[in-house]
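A.B. asks: Residue strings, one per chain:
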Amino acid sequence: MAPLLDISDLRTEIRLRQGVVHAVDGVTLQVEPGETVGIVGESGCGKTMTALSIMNLLPGGGSIVGGSIKLDGQELSTLSEEAMRHIRGNEIGMIFQDPLTSLNPTMTIGKQISEVVSLHRDVSKEQAMDRAAEVLDLVGIPRVRERIKEYPHQFSGGMRQRVMIAMALACEPKLLIADEPTTALDVTIQKQILELIDGLRLRLGMSVILVTHDLGVIAGRADRVAVMYAGKIAELTDTETLYARPRHPYTEALFQALPDKAAEAGERLYSIPGLPPDLVNPPKGCRFAARCRYVTDRCRDEEPMLTGEVPGHEYRCFFPVGPSERRQNGRVVDYNETVLEAALPGPGIGAELLKVDHLVKDYPVTRGAVLQRKVGSLSAVADVNFSIRSGETFGLVGESGCGKSTIGKLVVGLEKPTSGVIDFEGRDLAKSSGKEYRRERRNIQLMFQDSYASLDPRMRAGTLLREPLVIQGIGTKQEQLARVGEMLDKVGLPRSAADRYPHEFSGGQRQRLGFARALMLNPQLIVADEPVSALDVSIQAQVLNMMKELQRDLGLTYLFISHDLGVVRYLSEKIGVMYLGKLVEIGPAEEVYLRPAHPYTRGLLDSAPVADPVAERAKVNEGVTGELPSAIHPPSGCRFRTRCPKAQAICADVEPPMAPFAGKDHFAACHFPLEIPVGAPVSDDARSVPLQ
Amino acid sequence: MAMTPHPEIAADFGSSGTLLAPPDVAGGPQAGEKPRSMFKRGWEVFAENRLALVGLGFVIFVLLFSFVGPMIYKTQQVSVTLADAYCTPSAQHLLGCDNLGYDVVGRLMQGGQSSLEVGLAAAFISCLFGSIYGAVSGFAGGLVDAFMMRIVDAVLSIPFIFVLIILAVLFHPSRLAFIGFIAATYWPQPARLVRGETLSLRTREYVAAVKVAGGRSSRAVLRHIMPNAIGTIIVQATFAVADAIIILSSLGFLGFGVQLPQTDWGSMLSQGLSFLTLGYWWLIYPAGIIIILTVVAFNFIGDALRDAFETRLQRR
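Chains A and B, in that order, give the protein sequences.
Reminder that position 400 of the first sequence reads as 406 in my numbering, one-by-one numbering, no gaps.
Reminder that position 79 of the second sequence reads as 220 in my numbering, one-by-one numbering, no gaps.
Calculated from the structure, these hints are not laboratory results.
Errors might be hidden in some of the hints.
As the list claims (entries may be wrong) - In the DSBU-like style, the derived pairs of lysine-lysine whose C-alpha atoms are separated by at most 30 Å in a straight line are: (1) A:K180 to A:K155; (2) A:K422 to A:K380; (3) A:K422 to B:K352; (4) A:K441 to B:K181; (5) A:K554 to B:K215; (6) A:K380 to B:K352; (7) B:K352 to A:K496; (8) B:K352 to A:K437; (9) B:K181 to A:K483; (10) A:K131 to A:K155; (11) A:K483 to B:K352; (12) A:K76 to A:K155; (13) A:K361 to B:K181; (14) B:K181 to A:K415.
Said to hold, decoys possible - A short, non-exhaustive set of chain B residues, derived as facing chain A with CB atoms under 7 Å: (15) E346; (16) V353; (17) A354.
For every residue, glycine included, the Cβ atom is placed at its ideal position computed from N, Cα and C.
Looking at chain A on its own, in the form it has when it is part of the complex (with noise of 0.2 Å):
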C-alpha cells in the first residue's frame, strides 16, 4: 500500500539574525494509512519544525528549502497558500502543546468548531453546528448541547484539549498531527486524552503523528518510533525494536537518563553529556559525535547515513550499539564504568528536622475591585500532618492544583499559614516574624522551578550568588566572594560564570546557579519545587545527579516537590502524596510505589507513562477518570470520593483518618485501601478489605 504521508530529504531552514537556523536537514520519513508514528526528541532538535512544515505553518523566516512532502500522491511543500488551506483542517488536522493559546476566547467553541467545518464543507449555518455537536460529543464532552455556547475558559484544560482535538477532526482529516497534545497537563488526564487520541484513530481509520519529548507517552502508543537529533533522524524502526535493542548511542543515553529505571537499582543516572550542536553552523561528521561516548576520528569527520542491517531499522551511526557489534569493533565498553560509584551510599538520616502539624492554607476568594469582599475561600492545604529527618529526601507529588507548592511556600515562609504548627528544630517557623524570621531563612533555603524567573536579568551570576550573604551580613566582601567562587566549583561551573548575566547559560546551567544560590547559607533544608519539570531528560539527569551528590557531601535535607513520579522516586526515600489539599498517603518511597494502598496512588501510578512498549500496553487499570473538583468547594468526607472507583457512600460523610500499613510508617487514608491495614480488625466488615 502506498503511504499516506511520504516525506522524503525535507530541509527546514529559518533565517534569523545570527544567520540560517537548518532546522530540518535531509529527514525522510513515511506514514502509512491508520498507523501512528511518534516523533521524539529533545527541545531544539526539530521535531516541532519537521510538523510545522508537513502543514507550511512555518514561523515568520522559516522556509522549505529542499526534498518533497507527498500526502495521498500530492505534492505539499510546492502548494500554494490558497491551495494549503484547503488541505489544513480538511485532510491534515493539528492539535497543539496549548489548548488555550489555541482556542479564541472571544468565540463560543461550537461557532470556533462549525467555522472550521463551513470551511471546508458546503453545508448550512445549522448542519455546520450539529457536525460541531457530533465531534464534541466524540471526544466525550458532556452535556454538548450546553457546552457548545460555552466559551474557552469555561473548560479545564483538559477538555479544552478535547475540543482542540475535535476541531481537528470535524472535518475527518486523513492524517492528525499531535504536536506535545498533552505537555501541559496532569498524567491522569494526560492518560485520558491519549487513550481517546488513539481511540478516534481506530474508529476513523486515520493516521497519527506524534510529536512529544516523553519517551514514556509515545512508548504505549505509536507503532513506529522516529528518534530526532539536531535536524536530522538519528533511528528509526518499530517501537517494539527500538524499545528493546536500541542501536544509536543516542537513543541509549536517552533511555539510561530516564530515573524510572534507575530508580530500582539506586544507580546514578547517566547523563548524556553537553548541549545539541548550534544549527547554525552544524558540525561535519556525525552530529552527536561530541556526546557520544563511543566516539571515534572517523565519526567527527564523515556523516554516517541513515542505514540499517535489518529491513524496518535504521540508525545514522557507524557503530551502532549493541554487544555483539561492540565486540566486533573492539570498542568494548563496560557500561557500569559511568555507574561505577552508583552504589551511592544513602546519606546518613538524623533526627527530625521539619515538623509539619495540622497545617492549613485557605486563601480568601474575593470580589469587587476596591472594597473587596470576602465571599469564599479555597482550601490549598488541609490539615497536612508530616515530618523530615535530617539527611532525608521527602518527596512531595500530586496533580497540579493539590496545594503541594504551597507547602513548599509555607514551609520557605513565602506564605503563612492559615492555621497549623510547621516545627523546625523545635522551632514554630509560623510563629516567627520581623528579625527573627529574617534570621530564621538562612536554614531553609528554595530552588525555584523556573530558574529564569527567579534570577534577576540585571544581576551578574556573581552578585546574585552574593546576595544572600550580603542580606543576611555574613562575612566580609572578600569571603563573600571566596565562597562565591567555592560554590561555584560545587555544582559545577566554571568560576568565570560569576561575570555572567542569567540569560547567557543553557536552562540546566541556570538550574545549577538557583541551587547554588539556594545553597550560599549552608542551609539545612532545602525545598525543591519542581527543579527538574521544565528541563530535557538528560538535562535533568545531569541536575539529578548534582542534586543527589551534594546531599550526600553537605548531609542536606530535600523536601523535593514534582508531578513527576519516576523524578521523585529516583530521588526521595520517603514520599507523600496529595490531593486536593490533603495528604492521602505517605510512606517510604518503594512501600509507596510498589503496595500503594490508597486508590489515588494507584491511579496515579497507572497514568504515569512508562517508557517500556509491553509494560505500557499490559496497563489494564484506566488510571484516575475525571477531573479535579474546585478547591472553593471540595466534596465532603474523602474529597477523592467523586473520582474514585470504589466510592461508597460512606465516603461522603466521613472523612477517613489515616491508618497504618505493613512496611515501617506506611499511612493513608482511605476507607476502603487496596492493602490490608496493620491491626485492622478482620471481622469489622468484609468490605473494608476488598480482594485486589
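Given chain A, work out where chain B should sit, using these hints.
C.D. replies: Same frame as chain A, now just chain B:
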C-alpha cells in the same frame, strides 16, 4: 553563539560520567571570552537600529544648532528691525527674515532653545515624579494603590490643552512656568506605566528569592524592582520629550507660546502661516520641518532604547 563542546573533552566526560565538572558548561560562557557590561551590550542592540542612530545624530545636531549655533552664526534677536522684515534668503540672512525683521536661522536657534529646554526639563520632571508615584502605588497595592490611581484618573480627565491655554492667558508665562505646567499635566502617563510595571515585577520569582534569603522589601524595591523598571522609565522619558515639544509647539501655534522677544518653534510656525498666501515659504517650512524631525528623532531613539533594555535581545 552557542558553542559546541570540544570533542575530546566531551568524549572524556562520556566515559567517566559527570562528577564535578558537568560538560554542559561547554555550551555556555567560555573562559577566554571577556564579559561585556550591560551598557555595552545594550549599546550594541541600539546601534543595530540605523534609524535610531540617525535620530540620535539629529538630536545632537539640533542641540548644537540651538545652543552652540548662536555663538558662530551671530544674529540680532532682541530688538525689532523692521527694515529687514520679510527679506528673502540671502548670504546675509540664510533663511531670510520674518515679519519683525528677525533672521530666521537665528530665530530657529532661539526657538530651539525654548523648545528643547522646556521639552527636556518637563519630561525629566514629569517622569521622575510620575515614576516614583507609580512605583509607590504599585508596590503598596490595595487601598493605597486604588486611591492613588483614582487621583491619576482625575488628572487625566482634565482636558489639559484647555487648562494650559487658560494658564497661559492668565500668567504670561516664562519658560520655567511652561516646564511646570507641562510637567503637571503629563506626569500621570509615566505614573500609570511604572505602576503597571511594578505590579508585574513584584510578583516575579526573583523578588520572592530575596524574601527567601531573608531580605526586606526595601531591598527588593531598590535592588531588583527599580533596576528592572528603569528601562521602561527611560523609554517613557524619551517619548515624553517628544510629547512635551509637541505640547509647547501646539500652545505656540495657538498663540500662547513664550513671550517676545523669545520664541519657540510653534509660535514661529503660527506666525508664518499668516503669510501662507504671500509665498514667504521660509517662514513656514523651516520651523515646521524642524518640529517634525526633532519629534520623530526622539521617537526613533525611544524605540531603539526599548529594544536595548530588553535583555533577551542583547547578543549572547
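A.B. asks: B:K352 and A:K437: Cα distance at most 30 Å?
C.D. replies: holds (16 Å)
A.B. asks: Is it true that the CA of A:K131 sits at most 30 Å from the CA of A:K155?
C.D. replies: With Cα atoms ~14 Å apart, A:K131 and A:K155 stay inside 30 Å; holds.
A.B. asks: Holds or violated: A:K180 with A:K155, Cα cutoff 30 Å?
C.D. replies: Answer holds: A:K180 to A:K155 is near 28 Å, not above 30 Å.
A.B. asks: Would the hint linking B:K352 and A:K496 be met if the CA-CA limit is 30 Å?
C.D. replies: Holds, at about 24 Å.
A.B. asks: So, B:E346 near chain A? Judge it on the closest CB pair being under 7 Å.
C.D. replies: holds (4 Å)
A.B. asks: Take the C-alpha atoms of A:K361 and B:K181, compute the straight-line distance between them, and say whether it is at most 30 Å.
C.D. replies: Distance of about 50 Å is beyond 30 Å: violated.
A.B. asks: Is the interface hint for B:V353 satisfied, with its Cβ closer than 7 Å to some Cβ of chain A?
C.D. replies: holds (5 Å)
A.B. asks: Against the 30 Å threshold, does the CA-CA distance of B:K181 and A:K483 hold or violate the hint?
C.D. replies: holds (26 Å)
A.B. asks: Quickly compare the C-alpha distance for A:K380 and B:K352 to 30 Å and report which way the hint goes.
C.D. replies: holds (27 Å)
A.B. asks: Holds or violated: are the alpha carbons of A:K483 and B:K352 at most 30 Å from each other?
C.D. replies: holds (21 Å)
A.B. asks: Going straight from one Cα to the other, do A:K441 and B:K181 come out at no more than 30 Å?
C.D. replies: Measuring from Cα to Cα gives roughly 40 Å; hence the hint is violated.
A.B. asks: Verify the interface restraint on B:A354: the C-beta must sit less than 7 Å from at least one C-beta of chain A.
C.D. replies: Holds - the Cβ of B:A354 comes within 7 Å of chain A, reaching about 4 Å at its closest.
Comparing the model with each earlier hint shows violations of hints 4, 5, 12, 13, 14; every other hint is respected.
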